[in-house]
Amino acid sequence: MPPVGDTPTGAEPTRLRAVIQSPVGTGVAAITATAVVGGLLLWAGGLDPWAAAGAMVRGSVGSWDTFVSITLVRSVPLILTGLAVAWAFQAGVWNIGAEGQLYAGAIAAVWVGLTWGALPGWVLVPAVLLAAGLAGAAWALVPTLMRLRLGVGEVITTILMNFVGIYLAAWMVHGPLQESTGVFPQTDRISEAARLPSMLPGTRLHLGFALAVAIAVALAHVIRRSSFGFQLRAVGASPEAARISGRVDAKKILLISFVGSGAIAGLAGGVEISGLTFALYEGLSPGWGYTAIAVALLARLNPVGVIFTGVLFGALQAGAGAMQREAGVPLAWVNVVEALVILAVLALERTRRLGSAGENS
Amino acid sequence: MTEVLARLSSIRRSFGQVVALDGADLELRAGEVHGVLGANGAGKTTLLNVLCGMTLPDSGIVEVAGSVVRFRGPRDAWAHGIALVHQHFTLVPAHSVLENLALGDRRPLAVVRDDAVRLAERAGLELTLDAVAEDLGVGDRQRVEIIKALLRDPRILVLDEPTAVLAPSEIESLFGLLRRLASDGRSIVLVAHKLDEVLGVADHITVLRDGRTVLSGTAGGYDVPSLVQHMVGTGVVDPAALGLESGAGRDSARRKTGATVVARLDDAHVPAAGTGSGLRGVSLSVRGGEVLGIAGVEGNGQREIALILSGRLVPSRGRVTLPEGVGFIPQDRTTEGLIGGFDLTENVALALHREDEFRDGPWIRWDEIAGFTDEIRTRYGIVSPSTTTSAGGLSGGNQQRLVVGREVTMARTMLVAENPTRGLDVTAAAFVHAEIERLADDGVAVVLVSTDLDEVLALSDRVFVAVRGELKEVPSAARTRSGVGALMVGGDAAGG
Amino acid sequence: MSQAEFVLFLESAVRLGVPLALAAMGETMTERSGVINIGLEGSIIAGALGGALGALAFDSAGSGVLAGAMAGGVVALVFAVFVIGLRTDQIITGTAITLGGIGMTGAIYQARFGVTGTALTLPTLPAVDLPVLSEIPWIGSALFGQAWTAYMAYLLAPLLWYFLFRTPRGLELRSVGEEPDAAKAAGVRVRRVRFLATLFGGVLAGIAGAHLALAHAGTFTEGMSAGRGFIAIAVVVLGRWNPVLVLFAALFFGAASALQFFLQALGLDLPYQLFLALPYLLTLAALAGWVGRSRAPAALALPWDSE
Chain A
1383 MPPVGDTPTG AEPTRLRAVI QSPVGTGVAA ITATAVVGGL LLWAGGLDPW AAAGAMVRGS
1443 VGSWDTFVSI TLVRSVPLIL TGLAVAWAFQ AGVWNIGAEG QLYAGAIAAV WVGLTWGALP
1503 GWVLVPAVLL AAGLAGAAWA LVPTLMRLRL GVGEVITTIL MNFVGIYLAA WMVHGPLQES
1563 TGVFPQTDRI SEAARLPSML PGTRLHLGFA LAVAIAVALA HVIRRSSFGF QLRAVGASPE
1623 AARISGRVDA KKILLISFVG SGAIAGLAGG VEISGLTFAL YEGLSPGWGY TAIAVALLAR
1683 LNPVGVIFTG VLFGALQAGA GAMQREAGVP LAWVNVVEAL VILAVLALER TRRLGSAGEN
1743 S
Chain B
976 MTEVLARLSS IRRSFGQVVA LDGADLELRA GEVHGVLGAN GAGKTTLLNV LCGMTLPDSG
1036 IVEVAGSVVR FRGPRDAWAH GIALVHQHFT LVPAHSVLEN LALGDRRPLA VVRDDAVRLA
1096 ERAGLELTLD AVAEDLGVGD RQRVEIIKAL LRDPRILVLD EPTAVLAPSE IESLFGLLRR
1156 LASDGRSIVL VAHKLDEVLG VADHITVLRD GRTVLSGTAG GYDVPSLVQH MVGTGVVDPA
1216 ALGLESGAGR DSARRKTGAT VVARLDDAHV PAAGTGSGLR GVSLSVRGGE VLGIAGVEGN
1276 GQREIALILS GRLVPSRGRV TLPEGVGFIP QDRTTEGLIG GFDLTENVAL ALHREDEFRD
1336 GPWIRWDEIA GFTDEIRTRY GIVSPSTTTS AGGLSGGNQQ RLVVGREVTM ARTMLVAENP
1396 TRGLDVTAAA FVHAEIERLA DDGVAVVLVS TDLDEVLALS DRVFVAVRGE LKEVPSAART
1456 RSGVGALMVG GDAAGG
Chain C
19 MSQAEFVLFL ESAVRLGVPL ALAAMGETMT ERSGVINIGL EGSIIAGALG GALGALAFDS
79 AGSGVLAGAM AGGVVALVFA VFVIGLRTDQ IITGTAITLG GIGMTGAIYQ ARFGVTGTAL
139 TLPTLPAVDL PVLSEIPWIG SALFGQAWTA YMAYLLAPLL WYFLFRTPRG LELRSVGEEP
199 DAAKAAGVRV RRVRFLATLF GGVLAGIAGA HLALAHAGTF TEGMSAGRGF IAIAVVVLGR
259 WNPVLVLFAA LFFGAASALQ FFLQALGLDL PYQLFLALPY LLTLAALAGW VGRSRAPAAL
319 ALPWDSE
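Residue numbers (the working numbering), protein chains in the order written: chain A, 1383 to 1743; chain B, 976 to 1471; chain C, 19 to 325.
Note that these hints are calculated values from the structure, not bench results.
Cβ coordinates follow ideal geometry from the N, Cα and C atoms, glycine included.
Some hints here could point you the wrong way.
Covered stretches of chain C, as calculated for chain A (at least 3 residues, CB under 8 Å) [stated by the list, open to error]: (1) 64 to 71; (2) 104 to 112.
If you only want the chain A side, here are some residues facing chain B, beta carbon under 10 Å, derived [to be verified]: (3) 1604; (4) 1606; (5) 1612; (6) 1624.
Just chain A, same shape as in the assembly:
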């Protein structure tokens, strides 16, 4: 059962349409707890938490340009992978494989961008993104079929597929797709026509951000309003009750949600290539697929909430560089902070439920 999001308790009436809302209170409390614990850990490690915080703020929202060109740009893949995770988790699908699906999408995007580079932009950009989405979906299809046909749980299979995806990308940039001089472990840059247009002239922010926001809003609407979205939540909340209700095709829901989630994660890879890096290289993703879990959970699986938590984690990643330069905080701290956020959300969610649960014996 999904641990969060759709399990309000009796003591706390929720409006129907607010069931998957993101209670800002939990988010703020989780961030506060993370800041306190993270600060203490830094202090224990002999670092200055205040200096780190200052660098963090300067590096992420220090100026308009920093915010738009670094933080918002960094947030795009986080929002998209966060949406992928939120969708899957709401349907009770443990897709921990956004990382691999993202790489599959990035590989497909680069390949389409390089192969048909002569096409006009209005064809090529959609083709690049479509290819990325399809590749992500295909990457997710393997664990989906393993679950549906063979009964193999998706947690381990999606994680294993991440490693395969990462090594596949590594092979691509050393082998078939290596840049033409054959020196660097990366691909050639895709043509101008394959690149996403800028969203704000003078900044690096590309249309991928608008796309991510649009997908978030659409996904939220579908989950809240549509018959499919309702069935998806029912399967996620209680597969047994959904099955016995006789009105929910759990297998179809699972298939669509798993593959759809993979498609969005794949799209994240495509958008990153087409909007920002224009080339594929090893280590394209610093673990976005895993950060996505923190992003989705902090938003309590609400797609619109993911926009905000995605920007928040974008700021964290943007600020991490500054923290390392100015306060000597190792980059690896980003992972620690992500872990702390997830744990804080889980603990708060749990405590709230324990506090308000009406026991009946």
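Position chains B and C against the provided structure of chain A, taking the given hints into account.
Using the frame of chain A, we list chains B and C on its own:
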């Protein structure tokens, strides 16, 4: 006066806001079978849990063999000679009978094996120690539970609702065993909701109401109506209406059973799986306006029949004709009928969201469903602050009202109800029974699948028994507890 | 394949299989109690760093293993506090623990040895030749000329099997993982059992990590656990939650990984990165082929409320 083995005085225990026990007393004597009665929520199970060390009381005194004790866990209770046979069987399905017996024993398996064989012999029970627990029938599982309790060599043996899932002949042999165990100088505590059963075996009766002991006396001094009076507390109650007495068949002259066949099974087969027998060629016609009762010990195919008739299961072989407008009340409302984290409206939507009047293409018309939910809430007297309360927070009776209300609405042609009153108290059960009758009177076909034989007999126009994946119709002459009971365990009805 | 090549292959198969075996046998006990620890990877990497730091501090690989065991245990302790104490979701908590474990070890490593740092050189666990056994031709030196952590894995498999299936405490552990309510009714302290089983799994994963750093590489690198925790969890499934089968499954995967070096040494012209992906692909294939026929503990991954 016989020896007092245990005495619980003024026990109080709350769970959060809910007061489960509010000054309950219980006195147990050697050599007696002691019946503990009470409506749902009266505190029976909690009181027993206190006695058995599963729950600590907030206040009150527990005395065993004359000295005050404070149990911190079941092990403490065993040490004082108290063992419990649980209402829900506590066997590990994947383990062997022997492993189940040895669990928590801490002695080597071989020693436990010898002990178990000896005990089973003395109690006159058959045991297959190497069988896997999940392959056993309910009666066998219960015997394992009893041996497990007896391995602790208890002076006090507590049984919580042991008869709920047994066939009549199994109940008789259980009661025989309990009498033998009591005559060895033990005290047997029996909780059951069938009053006539309890009166048939108990020497002493304690009645709980709202967490207090309202009656304690010799069983001989009471009959069913007087006990009901004590359990319910107020007003004059007709026990027959509450389904507490073994009923004598419903008055079908009151209504004409329509001739229209609304649903039909022809030679339906389902492969056996897990503990279920599957179906081995079941044919059945259901007519509008009748209550068709299906009795049987759990796992004999009735679940499969209910699922097929409600359209939730497609038989592997055979033909099924089903009408539009079927309601289905599944047996486990908390895991199958409702989603605890969803609010009332969403739970109603679970059944309704694909009906034309509640959707708009792919979109759900939430306002319509919310309005409709409010109607159900009012009509069925569901106690909840609003339609946006989550269903998990409702009491068991209110949850069942919600499921019944929803499915009755769906049941324009047929209602399939599976153990619809299991776990409900007398008033809630009476309400469900009244709804079933009302539907049938309106011409809707009702298929009532229940392990509660009295319920089936009291409500049904036609009675069937599911035995090992087959369905046998009970001739009207044999429609008695003993007649149907004989069929349930695979005999024929002639004896009834 | 010549005898020398075969011995070399088998030797590296065992060396690579041992950390998987240790971690997977620990996870077997954890899962038998109804807890799935996806954070195993975190325990392994913590064990590797703990092993490295311990070995440096005391200039002894043996102390390193001890320190690794403790580090793995501490990580599992955090996991246990969340999933058993607070009853949080095991999958998500485990993912966070892995993330945090990788982050913390990276941060500590960078703080201690700098970002660029030349490769760390650590005291290594020496190979111990078992008398007589190591002289068996073909397999002797490969199986019985290993570091002592390997012998620990060999010994643990039958010991854990005996504990699980032949002792009252083992029965309690399995019952907790199958039907915690039944175990509670029988007087078993469900949470304590799960706690201990989870800690045990963490300690073994820590030793596995220390073995990686001290018996394999003689060094520590960030992220050197490289997904072994996840493969170990798959190995538990393939070994059907039976410690003896788990040992064999782990050694099989060791052999699969060893094959990659061996084929490369043979000059087979397959890209290096695909060799690296091989263990994961093999695990996926094995899961696809096997899982349908095995049965997980019934209460696996389900949080348990006592009332």
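Return the status of the interface hint for residue 1612(A): holds when the least beta-carbon distance to chain B is below 10 Å, violated otherwise. This hint holds: residue 1612(A) lies near chain B, its Cβ roughly 6 Å from the closest one there, short of 10 Å.
Does the stretch 64 to 71 of chain C contain three or more residues whose Cβ lies closer than 8 Å to a Cβ of chain A? violated (count 0)
Can you verify the interface hint for residue 1624(A): is its Cβ closer than 10 Å to any Cβ in chain B? It holds, given that the least Cβ distance between residue 1624(A) and chain B is near 8 Å, below 10 Å.
Coverage of the stretch 104 to 112 of chain C by chain A (three or more Cβ within 8 Å): Contact hint for the stretch 104 to 112 of chain C vs chain A: holds, 7 residues under 8 Å.
A closest beta-carbon separation below 10 Å is what the hint needs, so does residue 1606(A) meet it against chain B? Residue 1606(A) check passes; min Cβ-Cβ to chain B is 9 Å, inside 10 Å.
Interface hint check: residue 1604(A), Cβ to nearest Cβ on chain B, cutoff 10 Å. Holds or violated? Result: holds, 8 Å to nearest chain B Cβ.
Hint check: a violation occurs at hint 1 only; the rest are consistent with the structure.
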